[in-house]
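**Q** Full structure from sequences and hints, please.
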Amino acid sequence: ADNVTVQERHILIKGTLADYSIHLGSGMVSKTGLQLSIIPVHSQHRGRLFLPFSDDDPKTAEIISKMKLLSEDNKIKDPTILAQIQRS
Numbered sequence: 002a003d004n005v006t007v008q009e010r011h012i013l014i015k016g017t018l019a020d021y022s023i024h025l026g027s028g029m030v031s032k033t034g035l036q037l038s039i040i041p042v043h044s045q046h047r048g049r050l051f052l053p054f055s056d057d058d059p060k061t062a063e064i065i066s067k068m069k070l071l072s073e074d075n076k077i078k079d080p081t082i083l084a085q086i087q088r089s
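Using my numbering, the first residue of the sequence shown is number 2, and each one after it goes up by one.
Everything labelled a hint here was simulated from the structure, so no lab data went into it.
This structure is a prediction, so every number in the text was calculated from the model and none was measured.
Among these hints, one or two may not hold up.
[As the list claims (entries may be wrong)] Computed cross-link-like contacts, SDA-like style, restricted to lysine to any residue with a CA-CA straight-line distance of at most 25 Å: (1) Lys60 / Met29; (2) Lys69 / Asp79; (3) Lys15 / Pro80; (4) Lys60 / Ile82; (5) Lys15 / Glu63; (6) Lys60 / Ser72; (7) Lys60 / Lys78; (8) Lys76 / Pro59; (9) Lys78 / Ala62; (10) Lys15 / Ser31; (11) Lys76 / Ala62; (12) Lys15 / Ala84; (13) Lys60 / Gly28; (14) Lys15 / Gln36; (15) Lys60 / Val7; (16) Lys60 / Leu13; (17) Lys78 / Glu9; (18) Lys69 / Leu35; (19) Lys60 / Pro80; (20) Lys15 / Gly34; (21) Lys60 / Ser31; (22) Lys60 / Leu37; (23) Lys76 / Ile40; (24) Lys69 / Gly28; (25) Lys69 / Ser38; (26) Lys60 / His11; (27) Lys15 / Asp79; (28) Lys78 / Arg10; (29) Lys69 / Ala84; (30) Lys69 / Gly26; (31) Lys60 / Gly16; (32) Lys69 / Ile40; (33) Lys76 / Gly28; (34) Lys76 / Thr17; (35) Lys15 / Leu37.
[Stated by the list, open to error] Quick list of the computed label-pair ranges, beta carbon to beta carbon: (36) Arg10 / Lys69: 18 to 24 Å; (37) Arg10 / Pro80: 27 to 33 Å; (38) Ile40 / Glu73: 17 to 23 Å; (39) Asn4 / Leu83: 16 to 22 Å; (40) Leu35 / Lys76: 28 to 34 Å.
Quick reminder that beta carbons are idealized off the backbone N, C-alpha and C, glycines included.
**A** Shown next as C-alpha cells:
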C-alpha cells in the first residue's frame, strides 16, 4: 500500500482517519503517542474484530492483519476501535 512504510522497528501507516505506528516486535499499535487496543479474536466470535491474515507465526499474522486494517481505517466498522481512533 502507498500509505505504509517500515522504519527501523515500526510500521508507519498514514490512514484516512489518523496516522499509526505498529511495533514490529510486540505488535502494539499507537496513534500520536496513544496506545490503541486492537485484539485479534477467533472468527467464531460474531460481532468482534477478525484479523484475516494467516501465518505460521501468530505474532506475524497479528501485525500484518493490523497493518491491513489500519491502512484502510476508513472501512473500520468496529465501534470500539473507531472510538479509540477518534479520541485525541
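**Q** Which hints, by number, does the structure contradict?
**A** 17, 28 and 40
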